[in-house]
Amino acid sequence: GFYRQTLHTNKTSIKFLNKGKLLLPLDFYCETSLCFQALDNRNVMFVHLSAFYSYRSLPFCRFFLQIEEEEGGDSFDIHISVSDPEKVGDGMNAYMAYKVTTKTSVALFRQRDFSVKRRFSDFLGLHSKLASKYLHIGYIVPPAPEKSIVGMTKVKVGKEDQSSNEFVERRRSALERYLMRTVKHPILLKDPDVLQFLESSELPRAVNTQALSSAGILRMVNKAAEAVNKMTIKMNESDAWFEEKQQHFENLDAQLRKLHASVECLVCHRKELSVNTAQFAKSAAMLGNSEDHTALSRALSQLAEVEEKIDQLHQDQANADFYLFSELLGDYVRLISAVKGVFDQRMKTWQKWQDSQMLLQKKREAEAKLQFTNKPDKLQQTKDEIKELEGRVQQGERDFEQISKTIRKEVSRFEKDRVKDFKMSIVKYLESLVQTQQQLIKYWEAFLPEAKAIS
Amino acid sequence: MLPEKLRSVSVDLNNDASLLIDIPDALCERDKVKFTVHTKTTLSSFQKPEFSVPRQHEDFIWLHDTLVETEDYAGLIIPPAPPKPDFESPREKMHKLGEGEATMTKEEYTKMKQELEAEYLAVFKKTVQVHEVFLQRLSSHPVLSKDRNFQIFLEYDQDLSVRRKNAKEMFGGFFKNMVKSADEVLIAGVKEVDDFFEQEKTFLLDYFSKIKEATAKAEKMTRSHKNIADDYIRLSATLNSLSAEESTNYYIIKFCLKLFQNFLRVCLKKVEGRVASDEELKLTELLRYYMRDIQAAKDLLYRRARALADYENSNKALDKARLKGKDVSQAEEHQKRCLQKFDTLSESGKKELTNFKARRVVAFRKNLVEMAELEVKHAKNNMTLLQGCIELLSGN
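Those sequence lines, one after another, are chains W and C. With the UniProt record's numbering, the residue at position 108 of the first sequence is 108, and numbering never jumps. With the UniProt record's numbering, the residue at position 113 of the second sequence is 113, and numbering never jumps.
A hint or two may mislead.
What the hints assert, rightly or not - Derived pair list, reagent style DSS-like, types lysine-lysine, alpha-carbon separation capped at 30 Å:
id, chain 1, residue 1, chain 2, residue 2
1, W, K282, C, K357
2, C, K40, W, K282
3, W, K420, W, K271
4, C, K212, W, K309
5, W, K271, C, K201
6, C, K106, W, K452
7, C, K106, W, K309
8, W, K423, C, K106
9, C, K380, W, K428
10, W, K271, C, K220
11, C, K357, W, K258
12, W, K271, C, K357
13, W, K452, C, K366
To be clear, the hints were calculated from the coordinates, so they are not data collected in a lab.
Looking at chain W on its own, in the form it has when it is part of the complex (with noise of 0.2 Å):
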């Protein structure tokens, strides 16, 4: 909801109201401020204060003020699911096809309820449509789910076990958060490639798919960080901004790896103490067996039956650490590439501007050096070239003042639904933990009187 703080100090007071507009008195000394224009209603202001006080009586405070935008009046009500998972076709040209399922009241569509088959590549190629249409004009467009060789290889031969049900089932779920993501940017969500995979029944089959999956993106963001070396970066107070949040992510990006890696971790011992206690469990039946005394032989096979169920619980649980935690991460992992390449995009579209601007001052240049000489002609030939050349540098300026504005509204969207992603994970996960404790307590309690009736 909204956050309305008074702050009162020796002799101002300032009010923040709703909406975002701040009033500042006049005797109040800033020494830093940065602050954003609510873009609209939508948007949250940030604003950071440092405060100076010329009164020798208040210490110097910096403080922080959080305004939150109005929940609710979201008008993005749309719900993706992906399922049914269903192997078509034989041999090392089958393949998986999965129900993509759309519930909405948004007014784009054209039915509420309706869905449609789609495979892999549909994915993919979809992913690659917009990446082409948004990413250079510094929209942050999520990524596509990794390809896997192995694991598809092992579908198509035919493998019916487990670990090709755990890669189908971590694919779906893979797609469905990717959709999810996808419909959720405000832009994206208009766009017909879009409105066409989840409406269409039949889709033209996706070729090249090759170009921008994360390895793709990866590329780029190399290619565009090669340029961004050969220049020299003008330091205004807009440029600080994006400096400082390109380290941000830079830094954001080596923590989320480095957590997902000790997620990763976690889920492979959880699943081995699954094993180990089910193990554990066939060894106490079979004392039990062998134990000649009547009760504690009974109380040794009660003890292997609540071992089993408690080896089941881990096995839920493991599930759960890993869709709830681990992927999430692994998904912010690949987010956070797609926003790097969006910065770099902007220092690309800043180099097209300069080269633009160094090409216009050769050119009139080179108009003075033949104001001297007698070459009518080619005297023309450069006005012309230079007045050509003067549309492209206000292009190039306009370019990247609108993708500069882009990425700031990106940046702040993507960190609000990053917030809300995590708490929602982080509360989900919480609440595994709490029934895998029920479970046992009810388990455990259930044991008791038959370790008590031992005698």
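Based on these hints, arrange chain C on the given structure of chain W.
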């Protein structure tokens, strides 16, 4: 003094005020552990009513071996020797910690160090407990508590290592080597005359292999639990760094993460760690201890079987002597002695094995009940903390 709860594997020990033994203190010097054995007694056979001596693990082994080698105790179950103090696991961790110091943040490093110290302490406590139980088993046994070497062990205020060396030369581990092939003798089957012992033999052989298997599996299970506890430590350290980074994020995520991280650090890690060690103490240690105790019972059966074989051989020798008409009285003497030995062994053996079963059942009951109660307690704690966390997070 270790709290009552930790003395898990045997019950009804150290109750007789005439001879009370405990290990109140122990020092770890590099590889060696020095135990302080403290005795309080009303028995006149001791020089003082209360005294303490320093002892090493090797001294305990010496005591155990001399008891095993004593003929008079052939009909008794000799309490199993305490295993050697095993600091392998924490030492390995310390090594890893040293190697990873460069890549860890200061906070991570401190945390891991604390965990390492806790683990050293846990191993330490365990080894003290197991040595203490060994002595208490002896002191509560009507026959073994009167053993002269036991008295020396408790009282002798000089270094025992000289005696240890002498003992080794004397016995040369003869009996120990014989015991190794004990199973074969038992199984190869000297014909058993007594139903009770026939049953015990079958039961103990089978039970031993089952409990050995169960012990191994329980150890693997508790090791997995420990791994997960360690994972939570690492997770919370990483979350800490992450939440530091997020301080530039103007949303509430910092609060989220800090809360989550605190939760993981304080609750889950401690509780998971505690679950791992309580489970280990109650279940794994119980199984481990009784596995060794059953081995000791098997040794008793072996000795009896040996005595039976000797008796039967002496019968054959007597028959031969009678046939030859030579050394008959000698052979008669020998046969009488063998029979006597066999009967004594059988009588005391029966008593020991019956007591052993009762002791085992009581110990299992106590430990299983305590383990179940602890599991419930921990799960309830965990749940309360988790629900508190969820409320705070959802509320914001």
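Would you check the hint for K271 (chain W) and K201 (chain C), treating anything up to 30 Å between C-alpha atoms as holding?
-> 39 Å, violated
Is it true that the CA of K212 (chain C) sits at most 30 Å from the CA of K309 (chain W)?
-> Satisfied, since the Cα-Cα distance of roughly 23 Å is no more than 30 Å.
Decide if the proposed pair is consistent with the structure: K271 (chain W) and K357 (chain C), CA atoms, cutoff 30 Å inclusive.
-> Violated, because 37 Å separates the two Cα atoms, which is more than 30 Å.
Would the pair K40 (chain C) and K282 (chain W) pass a check requiring their Cα atoms to be no farther apart than 30 Å?
-> Distance ~45 Å between K40 (chain C) and K282 (chain W) Cα, so the pair is violated.
Pair hint K282 (chain W) and K357 (chain C), alpha-carbon separation not exceeding 30 Å = 23 Å, holds
Pair hint K106 (chain C) and K309 (chain W), alpha-carbon separation not exceeding 30 Å = 41 Å, violated
Take a quick look at whether K452 (chain W) and K366 (chain C) sit within 30 Å of each other, Cα to Cα.
-> Holds. K452 (chain W) to K366 (chain C) sits at ~8 Å (cutoff 30 Å).
If you draw a straight line from the CA of K106 (chain C) to the CA of K452 (chain W), is it 30 Å or shorter?
-> 48 Å, violated
Holds or violated: K271 (chain W) to K220 (chain C), with C-alpha atoms at most 30 Å apart | Distance of about 13 Å is within 30 Å: holds.
For the pair supplied as a hint, K380 (chain C) and K428 (chain W), is the alpha-carbon distance within the 30 Å limit?
-> 19 Å, holds
Is the straight-line distance between the alpha-carbon of K357 (chain C) and that of K258 (chain W) 30 Å or less?
-> Violated. K357 (chain C) to K258 (chain W) sits at ~53 Å, over the 30 Å cutoff.
Satisfaction of hint between K271 (chain W) and K420 (chain W), Cα-Cα up to 30 Å = 29 Å, holds
In the structure shown, a violation is registered for the earlier hints numbered 2, 5, 6, 7, 11 and 12, in ascending order.
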